[in-house]
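Okay, here's what each chain looks like letter by letter:
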Amino acid sequence: MSVNVLRTTTARRRRTDQLARWALLAGLILALVPLVLVLLFVIIRGAGALDLHFFTTDPTGAFFGNQGGIKSAILGTVEIVALATAITVPVGIGLAIYTCEVGRQSKLAMAVRYFIDVLTGVPSIVFGLFIYTVLVVSGVFGGFAAWKGSIALALLMLPVVARASEISLMLVPDSLREAALALGVPRWRMIMQVVLPTAFTGLLTGILLAVTRAAGETAPLLFTVLGAQGTTFGLGDQMNSLPLQIFNDVRQPNPELVTRAWGAALTLITIIFIINITARLATRRNRIQ
Amino acid sequence: MLSRVTSIIRKARPDTAPAKQADAVFRLSLQILALLIVALIAYFFIQLAIASGPAFAHTGILDFLFKNDWDVAHNIFGAWPLVAGTLITSAIALVIGVPIAVTAALYITELAPPRLREPLAITLDLLAAVPSVVYGLWGVFILIPMLKPAEQWLSQTFAFLPFVGGPVSGPNYFIAGLILAIMIIPIVSAISREVIATVPIQEKEGALALGATRWEMIRLAVLPHSRAGITSASMLGLGRAIGETIAVALVIGSAPTIGDHIFDQGYTLAAVIANEFGEAGPGSLHLSALIAAGLVLFVLTLLVNGIARWVVLRAANRNHATPALQVEP
Numbered sequence: 001m002s003v004n005v006l007r008t009t010t011a012r013r014r015r016t017d018q019l020a021r022w023a024l025l026a027g028l029i030l031a032l033v034p035l036v037l038v039l040l041f042v043i044i045r046g047a048g049a050l051d052l053h054f055f056t057t058d059p060t061g062a063f064f065g066n067q068g069g070i071k072s073a074i075l076g077t078v079e080i081v082a083l084a085t086a087i088t089v090p091v092g093i094g095l096a097i098y099t100c101e102v103g104r105q106s107k108l109a110m111a112v113r114y115f116i117d118v119l120t121g122v123p124s125i126v127f128g129l130f131i132y133t134v135l136v137v138s139g140v141f142g143g144f145a146a147w148k149g150s151i152a153l154a155l156l157m158l159p160v161v162a163r164a165s166e167i168s169l170m171l172v173p174d175s176l177r178e179a180a181l182a183l184g185v186p187r188w189r190m191i192m193q194v195v196l197p198t199a200f201t202g203l204l205t206g207i208l209l210a211v212t213r214a215a216g217e218t219a220p221l222l223f224t225v226l227g228a229q230g231t232t233f234g235l236g237d238q239m240n241s242l243p244l245q246i247f248n249d250v251r252q253p254n255p256e257l258v259t260r261a262w263g264a265a266l267t268l269i270t271i272i273f274i275i276n277i278t279a280r281l282a283t284r285r286n287r288i289q
Numbered sequence: 290m291l292s293r294v295t296s297i298i299r300k301a302r303p304d305t306a307p308a309k310q311a312d313a314v315f316r317l318s319l320q321i322l323a324l325l326i327v328a329l330i331a332y333f334f335i336q337l338a339i340a341s342g343p344a345f346a347h348t349g350i351l352d353f354l355f356k357n358d359w360d361v362a363h364n365i366f367g368a369w370p371l372v373a374g375t376l377i378t379s380a381i382a383l384v385i386g387v388p389i390a391v392t393a394a395l396y397i398t399e400l401a402p403p404r405l406r407e408p409l410a411i412t413l414d415l416l417a418a419v420p421s422v423v424y425g426l427w428g429v430f431i432l433i434p435m436l437k438p439a440e441q442w443l444s445q446t447f448a449f450l451p452f453v454g455g456p457v458s459g460p461n462y463f464i465a466g467l468i469l470a471i472m473i474i475p476i477v478s479a480i481s482r483e484v485i486a487t488v489p490i491q492e493k494e495g496a497l498a499l500g501a502t503r504w505e506m507i508r509l510a511v512l513p514h515s516r517a518g519i520t521s522a523s524m525l526g527l528g529r530a531i532g533e534t535i536a537v538a539l540v541i542g543s544a545p546t547i548g549d550h551i552f553d554q555g556y557t558l559a560a561v562i563a564n565e566f567g568e569a570g571p572g573s574l575h576l577s578a579l580i581a582a583g584l585v586l587f588v589l590t591l592l593v594n595g596i597a598r599w600v601v602l603r604a605a606n607r608n609h610a611t612p613a614l615q616v617e618p
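For the protein sequence lines, the chains are Y and D, in the order given.
The numbers in our numbering rise by one with no breaks, and the one at position 116 of the first sequence is 116.
The numbers in our numbering rise by one with no breaks, and the one at position 213 of the second sequence is 502.
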């Protein structure tokens, strides 16, 4: 008696299997369609707006005539996000070192983990409202200012950086720590000179992903930096940024301003995708090694 | 020679006084940092509660939540239309987004050729990197005009269903829900992928060895194992949908009333904050009401994320009885 494995699979079951495979593939395609459609239209509508003038002039605020480009928006995004990163990186990595190396299972470490989890779920607009009530309304060093926007973005980035850092610190093998301690290295130098460099790629990925998230945010900036037309390097001033520029131009009943929004969207997406893909490829290479 | 070695070791020994001190300082500063962050987040919540005090005092918390009248000109702040709008759009997002996200995750982890898995995952994750305001721009100028005929057809053909029939407005709940679905798909899908990856290989291979087809293997080994994780992923997606602001603010229609059907315009908590913030002067009741809306939003997302965590914990604590592998004859 020969056993035929295939015979046990009836035609009906095979049909169901095929059907289910197609359904799952359809799910994947449906998930990818919006990405293609968004990119396609952003490129089609945005590419026409891009020229030297677009990148080298500030928006004039004019409704007709010379409306200007997006120079101040690009520089503003870079400045605000750079400051936010400078604030969030030491704090985020510090918290990760605390929960992973120092506090471990202590009550404070558990509390930090819980609060970081809570922060992850907070809508970005709520960060904006918080900074608005604490720093803008109360008039700490004036009203709306770029650095206040950076703090709102830093709060938003903090859970991303802290969690990614904690995971990459946990991936550092204990044998490395023990080897360093056995050589007589004090704990803090062991962490700074052995653990952190080993986890570097993971830390960098977390930071870059947080940067891409912050660079695209509009809501927290509405209440904190408000917006501006001209380029400024004063972090205490109101400032323009790419998301704010897009948000303002979308609502203008003038096709030329809307075209500027598409151009700004193409610029923003290009920046974000480059950073995002760099970050993912960095961890990927790391994992293979 | 020996004395040199001992001197080196002594220099490096961790329990020398300066090293001990440095370690203590290091530890203490990290503890202070941790305490500060915990305090900051507590302060966050308290500050929002204080700032929304005037609005709650003026309207009453229950009226603020459940009164169907948001009339800024008359200082009447019953946020029910906004709460309802938030719930309606988020529900639409879940109904559309979760099945797509989960099937995409299953395809990538179980069916796609191994070489394509990582590129597909990275590509799908890019959906999450598209800024909210770009989705809004795309929604206003591409999605709304593109879907209008389809919506009109749906509205007419399925008019017998509740909340469907009626005149289709350009920006509406459905469009907002659809954009939210697109925004939560990468999140739900990424977490589902992680959960599905933890299904023990023995169970999958066991199912296949017993003669199960791929789909039966997924249904009998993968899904029972990852049900809690997928539920939790959906809840996290829901939390994201509830708080999403800018894209929704651009495509919801900004009408502070409850629409008659899903193709009618409305408003959400987050969108109202973004759109009306400019008109609300510092110290005004209106501003306080907007901050109160933010607080409600905050509490809603806390609840949803709390439920997500609870589902995972409960599943982890429960004894995982290996699901019986039943293959139809």
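Hints are computed from structural coordinates only; laboratory data are not their basis.
Glycine included, every Cβ here is placed at the ideal spot set by N, Cα and C.
A hint or two may mislead.
[To be verified] Over the 10 angstroms line for every Cβ pair with chain Y, so calculated as not near, a few chain D residues:
1) D414
2) L443
3) T534
[Said to hold, decoys possible] Computed footprint of chain D on chain Y, listed as stretches where at least three residues anywhere in the stretch have a Cβ under 8 angstroms from a Cβ of chain D:
4) 25–35
5) 86–98
6) 103–110
7) 124–137
8) 196–202
9) 263–277
[What the hints assert, rightly or not] For each label pair, taking beta carbons as the anchor points, the in silico distance ranges come out as:
10) Y:G236 <-> D:A338: 28 to 34 angstroms
11) Y:K107 <-> D:H363: 17 to 23 angstroms
12) D:K356 <-> Y:M110: 37 to 43 angstroms
13) D:F452 <-> Y:K107: 45 to 51 angstroms
14) D:P434 <-> Y:I29: 20 to 26 angstroms
15) Y:P253 <-> D:N364: 29 to 35 angstroms
16) Y:F55 <-> D:F452: 45 to 51 angstroms
17) D:F452 <-> Y:A62: 50 to 56 angstroms
18) D:A338 <-> Y:V78: 52 to 58 angstroms
19) Y:A62 <-> D:I365: 34 to 40 angstroms
20) Y:Q18 <-> D:G495: 18 to 24 angstroms
Hints breached by this structure: The structure conflicts with hints 1, 3, 8, 11, 17, 18, although it agrees with all the remaining ones.
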